[in-house]
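Participant: The chain contents come next:
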Amino acid sequence: MKSNDVNHKIGKLLIYVSLIFMALVSLLPLYWVFSTSLQLPSYQNENMEEPINFVESAPPKLYPVGIGEYFHQWQEREKAEDAGDQKDAAYHDQKMDEVVTKTFEGFTVLFERTKILRWLFNSLYISILATLAIVLIDTMSGYVLAKKNFPGKMIIFWAIISTMMIPEQVTLVPTFMMVQKLQLFNTHWALIFPSLALAFGVFLMRQFLLAIPNELIEAAKIDGASEWKIFWTIIVPLAKPAMAVLGIFTFVLMWNSFLWPIIVLNDENLLTLPAGLKTLQDANLASFKLLMTGATVAAIPMIVFFLLFQKYFVKGLSMGGVK
Amino acid sequence: MGSTWVGMENYIDAFESTAFRISLWNTFLYTIVTVPAFVITALLIATLVQPLGKMSQSFFRAAFYLPTVTSMVIIAMVWRWMYNYKFGLFNYIVGWLGMEPVNWLGQSDTALLSLMIMSILIPPGAGIIIYLAAMNEIDQTLYEAAKIDGANAFQRWLRITIPMLKPTTLYLFILSTIGSFQVFTQIIMMTGGGPGNATETIVHVIYKTAFRDFKFGLASAQSVILFFIIMIFAIFQYRTLRSDHH
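Going down the list, the protein sequences come from chains D and R. Throughout, the numbering used here is defined as the position within the first sequence, counted from one, plus 1406. Throughout, the numbering used here is defined as the position within the second sequence, counted from one, plus 37.
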C-alpha cells in the first residue's frame, strides 16, 4: 500500500513537470515577442570598439541584455563614486541612461513614426461598436425566433443557420462587390456592416432563450407591459449570461479580424491593428525589434482582456463543445 | 463592374491553373498533418490536466489558451522571426544540436513543413478547454464500476473516456478541419505563398486572384470549390465518426 502511494505521488509529480514544460514551450513565442521588443540594439560597451547589435545576434540573446548592462553600469558608477572619481561616475551615469533609452527605443520610434496608436484606437472602437450592435441585434432576433409564432418562422431560422456553414473566406468577392456598390470601400462601415448579422449569435441566443418559461412573458403581458418593456425588463436580464459569452466571442472575432480589413481598407489612418502590423512588416524598413515592439503593443490588450474575462472564454468554448 | 455569362469557363480556368492545383494539394496536406495533431495533443493534455485539482486545472487552461488569444498576425510575425535563417531561435537550437542551419521558410522543400511544425507547436488551447469541459461531464460512477471490475487507469481511459468523448472529438475534428482549409494569415505574413508555389493555399490564391489580379469571376469559382470541399469534409467526417459508433 505504501509503495503504491509513493508511485502515485511520483506519477503526479511527473505529470506536473511535463505539463509545466509544455506550457513553457507554448508560451515561448510570446516571451520572444516581449524579449525582442526590449532587446538592446547597436550598443557600444566599454570593452568593444564597434557597437554591436544584440537584436540580430548569433547566437540569439535569450533575454534583454539591457537589464544586465544597466546593473553593470550602476555598479561601476557606485565604484567610481566610492573612489571619488566624479568624471567616471558621470560617464557610467550617462551609460545607464543610454541603456534605458535604447532598450525602450522601439516604443518611442513606434509611437512617433508609425500610426500604431491610431490603429489601436480604430481596433478598439470598431470592435466595441460592432460587439454592442451584434449582441443587441442577435438577442432581439434570438428572442423573436424562440418565443414568437409567425408564418415562415422555421424557414427564416434555418436560412440563418445555414449561413453558419459558409465561412467568410468563401464570400469575399460578393461582399466586396456589395461594399463597393454601397460606396463603403475604405471606410470603417465596410468592417462593421457585413459583420452585423452574426448567425452564430442568433443561434446561441435562440437556444438560450428557448429555456425561459413562457409564463413569465404571459404574466408581464397581463400586467399590461409593452413588447419593448418585456424585452428590456424580462428578456435582457435573463439573457445576460449568454449575452456576455456572445459579447466576448464577438469582441475577439472583431479584434483579430485580418483578411477582411486588408481587403477593404487602404488608407493608413483607417487601418486596424492587425492590418497595420502587416504594413509595418511589408515596409521592410522596420527592424525585428520594431516589429516585435508593434506585436507587443498589439498583444497586450488581448492578453489583459483574456485574463479579465477568462471565465466567459471558458464558458463560451465549452458551450459549443459539449453539445 | 460589367459581367458576361461565361458558363463553366471560370471553373475550367481554376483547375487548369498550376497555382490553384498546388494550393489544393498543399491545403489538403496541411490539413491531414495538422488536424490530427491538434486533436490528439488536445486530448493528451486534457487527459493529463483533468485529474488535477480545480486550481491546477484553471491554471493550465489559461497557460495553454493564452498563446492563442492574440491575433494570428502576431503569432505569424514572431514565428517568422524565430525561423530567421541567420538570427532565429530555430537555427540556434539546430546549431546547438550540431546540425547545419536550415533556411526554414526560404526553400521550397522545408517551407510548408515549417508552417506545419508551427501549427503543431502552437498549443491547441480551445481544444483543451473543450475536452476538459466534456471530461468533467462524464458520469463518475462509470469509472468506479470499472475500478471494481479491476480495470486499470489506462483501460478506463481507453474504454470509458475515449468513447464518451466521441461527440467532442467529432466536433473538434470538424472545427479544425474547416479552420485548416481557411489557412491564410500565416501564409501572407510569413511566405506569401512562396518560394515558388510551395506554400500556396486555397484562400491565399483566392485573395490574390480577386484582390491583386481583380479576376472576380475566377476567384468566385475558386471560392465555390473551397465551399464544396469544406462541406464534403464536414459531412464525411460526421458520417465516419458516427458509423463506427454502432
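Worth flagging that the hints you see were computed from the coordinates, not collected in a lab. C-beta atoms are modelled at their ideal positions from N, C-alpha and C, and glycine is treated no differently. Any given hint might turn out to be false.
Said to hold, decoys possible - So the derived label-pair ranges between C-beta atoms look like this:
no.	chain 1	residue 1	chain 2	residue 2	range
1	R	R196	D	F1517	57 to 63 Å
2	D	I1473	R	L134	51 to 57 Å
3	D	L1588	R	L134	37 to 43 Å
4	D	W1638	R	I49	21 to 27 Å
5	D	L1430	R	M201	29 to 35 Å
6	D	V1431	R	P204	25 to 31 Å
7	R	S93	D	E1484	26 to 32 Å
Participant: Hints first: check each against the structure and report whether it holds.
Facilitator: Hint by hint, here is what the structure shows:
1. R:R196 x D:F1517: 57 to 63 Å: 59 Å, holds
2. D:I1473 x R:L134: 51 to 57 Å: Since D:I1473 and R:L134 have Cβ atoms about 28 Å apart, the given range 51 to 57 Å is violated.
3. D:L1588 x R:L134: 37 to 43 Å: 56 Å, violated
4. D:W1638 x R:I49: 21 to 27 Å: At roughly 56 Å between Cβ atoms, R:I49 and D:W1638 fall outside 21 to 27 Å, so the hint is violated.
5. D:L1430 x R:M201: 29 to 35 Å: 31 Å, holds
6. D:V1431 x R:P204: 25 to 31 Å: Cβ of D:V1431 to Cβ of R:P204: about 30 Å, so the range 25 to 31 Å holds.
7. R:S93 x D:E1484: 26 to 32 Å: 44 Å, violated
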